[in-house]
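Chain order of the listed sequences is F, D and U.
If you're matching positions, the first sequence starts at 59 in the numbering used here and goes up one per residue.
If you're matching positions, the second sequence starts at 10 in the numbering used here and goes up one per residue.
If you're matching positions, the third sequence starts at -7 in the numbering used here and goes up one per residue.
No lab work stands behind these hints: they were computed from the structure.
From a predicted model like this one, the values you see are computed outputs, not experimental measurements.
For glycine and all other residues, C-beta sits at the position ideal for the given N, C-alpha and C.
Certain hints may be false.
As the list claims (entries may be wrong) - With a straight-line Cα cutoff of 27 Å, these simulated BS3-like cross-link-like pairs (lysine-lysine) come out:
1) F:Lys234 <-> U:Lys351
2) U:Lys139 <-> F:Lys234
3) F:Lys234 <-> U:Lys96
4) U:Lys96 <-> U:Lys68
5) F:Lys234 <-> U:Lys329
Claimed, not checked - The following label-pair restraints were derived from C-beta to C-beta distances:
6) F:Gly240 <-> U:Lys329: 27 to 35 Å
7) F:Gly287 <-> D:Gly149: 56 to 64 Å
8) D:Asp277 <-> F:Phe152: 26 to 34 Å
9) U:Ala59 <-> F:Ala363: 30 to 38 Å
10) U:Thr26 <-> F:Phe241: 26 to 34 Å
11) U:Glu72 <-> F:Ala239: 29 to 37 Å
What the hints assert, rightly or not - Which chain D residues stay away from chain F? Per the calculated CB distances, all over 12 Å, these:
12) Asp11
13) Gly150
14) Leu162
15) Ala166
16) Ala169
17) Arg179
18) Arg185
Listed here are the chains, written in short residue letters.
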Amino acid sequence: MRSAVELARQWREDPRLRWLGYCAVAAALIALPFAVDAVLGRAWVRIIDVALLFILLGLGLNIVVGFAGLLDLGYIAFFAVGAYTYALLASPQFDLHWSFLVLLPLGAFVAGVFGVLLGAPTLRLRGDYLAIVTLGFGEIIRIFLNNLNRPYNITNGPQGITLIDPLALGELALNKSYAVAGFTLAPVHNYYFVFLACAAASIFISLRLEDSRIGRAWIAIREDELAAGAMGINTRNLKLLAFAMGASFGGVAGGLFVSFQGFVSPESFALLDSIMVLCMVVLGGMGNVGGVVLGAALLTALPEALRYAGPLQQAWLGDVYVDPSDLRMLLFGLALVLMMLLRPAGLWPSTLRRRELAGAGESGVAR
Amino acid sequence: MDIFLQQIVNGLVLGSIYALVALGYTMVYGILGLINFAHGDICMIGALTALTVAGALAAMGLPPPLVLALSAAAAVAVCCALGVSIERVAYRPLRRAPRLAPLITAIGVSILLQYSAALVWGKQYLSMPELVRPTEIAVGGVHLTDLQAFIFLLACAIMAGLLWFIRSTRAGRAMRATEQNRDVAGLMGVNVNHVIAITFLLGSAVGAIAGMMVVLYYGIGHYFMGFMLGLKAFTAAVLGGIGNVAGAMLGGLLLGVVESLATGYIGDLTGGVLGSNYRDVFAFLVLILVLVFRPSGLLGERVADRA
Amino acid sequence: MIRTPAVRTVLAFAVALVLAGCGREAPRTSGAATVRIGAASPLTGPQAHIGIDIRNGVALAIEDANAANVEIGGRKVQFELIAEDDEANPTKATTVAQKLVDSKVAGVVGHFNSGASIPASKIYSDAGIPQISPSSTNPKYTQQGFKTTFRVVAHDDQQGPTLGRFALDKLKARSIAVIDDSTAYGQGLADAFAATVKAGGAKVVAREHTTDKDTDFKAILTRIRGRKPDLVMFGGIDPQAGPMVKQMAELGIKAKFMGGDGMQTPNFIKLAGGASEGAMASIPGLPKETMPGGKAFLEKYKAKYKAEVELFAPMGYDAVMVFIDAMKRAGSTEPAKFLPELGKTRYQGVIGPIAFDGKGDLVNGPITIYVVKGGKWQALETVTPGAGGAKK
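Between the sequences and the hints, there should be enough to build the whole structure, so can you do that?
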């Protein structure tokens, strides 16, 4: 961690080094899917694709939880809204096939509207109450998606929507394979680059937001809402903005997700998925963009790594005692508890957040 | 008309279970200002413990009342130990941390409990042995079993007992003092840690009984059963005014009845646009409406802290 | 300081690429050719018991095939099972599908859930690898226009109408309450059932819903009681069906109770207790005990896994055999070569005669209705669907 901090400092000081570093990172990221494909197989490229989507989701939730300090336990609902916006307007469901150029921004917008819809009535609530209400909101969205197939069939209910259009521009479709300069670009590679671009954009936006007037206002609200209000910050609008922005990240991710999968059904948006994204943010470091990226990558890779836990137990102990998916959830639970007890600011904490969460003693803030 | 009355009866029985679970939330919230997310899962552990013990004892051929008493005792013991140790390990170190920290910890504990239960009991649905075949009582078109009546009455008795405990005993007075101001109560010679432990002990014990009622009533238990139960009970606690013990009881019963009636009549009221598939939405809607329009709940008094 | 990580990365990639170049094709043992068969189902998580059941069925089939020294196109062939866990999760299902494609399987038996089979089918289709689902009953699975999707289970639009006609013709039900569990399976089954009984002149007096996690049905059952049906049909699985029957008894509802294959399990009887007596449920296929290969299969399964067959192991077993059958006829283990033969399958399997229609669905097979008698499921009668088949 220290070297990373030093690295960052040197980058900031020397523009030449900085560009060199950027180029190296960019080159590595471009080579990554091909190397992974060659060594571990295409399935791992797919896992990386999913990890990139989760980075997008994690960064969105980070705006709400990390920057503005509003605990949202129903975040996956915005992902669902974006996903269904895309799925309904680019599939045989209504025989509409809009372009993703319209649908992704639209998904972000619709999710943002839902963010405000959730935010507006809950503005007065603080902390734990907000958490429960957002949890309820997430479940309500899922229940509606599951039941809006009667009396009029809108979402096709639990059966889900199939044959969703891939991202495509004219003849160029991401679900086809292309040969470029001796490399085969399979669909997973194509999507990798699109997702990478989106993740990079969201990282950029997050970083700029953090340093912006808005970002500092959010942090002020998080630290002490009353004081922030007294300093002339319009806490209502800014909290709504946090909800809307966080939600719109989720909306974009949702659209990308269904175009990648080609299928969507309400079961992809359970509470557990919300908690999973929350884990990424908390584990990585609330409020720190790098931490969130780290958390998303770790938690996407972890379940895949844990797949080997089953056969390993079989080999060493003779039987599978702990179901790998249980093991994963146990580790998640344990991680949440231990992180809060031992390292409340996350694996890669933001400086401000660390100061705040370490700041024991001011019980006035706590209660 | 008898359909309407039947729905009310259904709602009251369901509501009495909600109320018992809600007590655990409300007591902890009153004292610590913490939503003990894991409370529903403590009830689940109690339920599964009771189920296992009852299964084993029934197989040994003990008489049903003894089986019931012993399995209830086992469930209460396990849950009390669990509740107190969770408080000690996971919540106490964070008592002065910002709000977000203990809440996230509570979510973590909830997940831990669920999946530990999945490890111990597996993930399949477990069946509670049918100790006594419930006898049906039909009063003018309203059907009720003796088991339902028993559950309802026991729940009422426990709630009355708890109210008495908090109102009239020395420990109860200490609890109320701690609730009003933890620091000052400490200065007045109340052992705050002790009081908090007692709170968790009581809440968990009542939760264990509630969990046992669920498996007794429905005959089925599952590692995930605590989640929805906890959520509904929390809603009940908020509805009644969180932190208020009598409010939790009222909220529980009311929520049970509201849910029953809403599920039963929503189809007719909306001309078939909404149906019983929206059942779980009602609880959440009630929660959101109460929080938005009357955050202090039906019986709660203090507003400043909540909103 | 700065260059090191970059250099290291580049080095790592170089090494990786070299490794990839030489490490890709593992040397094959000469003699018998090895053909990989993929199996994808939830091996962990709440549905693991059913997923493992499928995997066991597939493993048993591969064992049998290897013991029989199958020859394809004049070459001895050994089969190898690659079982993957899709966690019943749509996203994981696509990852797993990609993994199976990567490991060059000739065919895939899976997935269990329709929600997993559908997204995965796209990947198999792109790779040209045939997929036979032993258990996905969502009609949409085979309606996507993929040539590689098959299933060896009746889909909801087949089972539902058969159940419906049984209710009309045999039970003489005239006013029927229909409940589903808001899942793709339960709702599909209940909808198809409701459409059939309505068309047959019976009245659907109540159409209610619950969820696959609920255990309290008093509110909807009370509502149903007010409508006085003579039959209650539930589309869903045993954890709900059990308590539901029990609560019907408690509320004094005297109507008959029936459901689909999801509740025809021993667990249903355990959960419902004495109230289960007289409940009916259907299972696609002939009663296993009376089938020529059925009894032997059940015994073999029990001997090997020390457990009863849950539900779909026979379908998993047959799916493998259908693959091998098609390979034999095509004389090749290449998916591209035996895929056309798969569509022409006429195979006598454990679950009954297997043949596919143009979409890859099982041609309407018989469906057996069971009833609980004396605390046990007993075959009541076998219904062969009429020429009318499924509507829609």
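Cross-check of the supplied hints:
no.: 1; hint: F:Lys234 <-> U:Lys351; in the structure: holds (24 Å)
no.: 2; hint: U:Lys139 <-> F:Lys234; in the structure: holds (17 Å)
no.: 3; hint: F:Lys234 <-> U:Lys96; in the structure: holds (19 Å)
no.: 4; hint: U:Lys96 <-> U:Lys68; in the structure: holds (19 Å)
no.: 5; hint: F:Lys234 <-> U:Lys329; in the structure: holds (23 Å)
no.: 6; hint: F:Gly240 <-> U:Lys329: 27 to 35 Å; in the structure: holds (29 Å)
no.: 7; hint: F:Gly287 <-> D:Gly149: 56 to 64 Å; in the structure: holds (59 Å)
no.: 8; hint: D:Asp277 <-> F:Phe152: 26 to 34 Å; in the structure: holds (30 Å)
no.: 9; hint: U:Ala59 <-> F:Ala363: 30 to 38 Å; in the structure: holds (36 Å)
no.: 10; hint: U:Thr26 <-> F:Phe241: 26 to 34 Å; in the structure: holds (30 Å)
no.: 11; hint: U:Glu72 <-> F:Ala239: 29 to 37 Å; in the structure: holds (36 Å)
no.: 12; hint: Asp11; in the structure: holds (29 Å)
no.: 13; hint: Gly150; in the structure: holds (31 Å)
no.: 14; hint: Leu162; in the structure: holds (31 Å)
no.: 15; hint: Ala166; in the structure: holds (29 Å)
no.: 16; hint: Ala169; in the structure: holds (28 Å)
no.: 17; hint: Arg179; in the structure: holds (25 Å)
no.: 18; hint: Arg185; in the structure: holds (17 Å)
Checked against the numbered hints given earlier, this structure breaks none of them.
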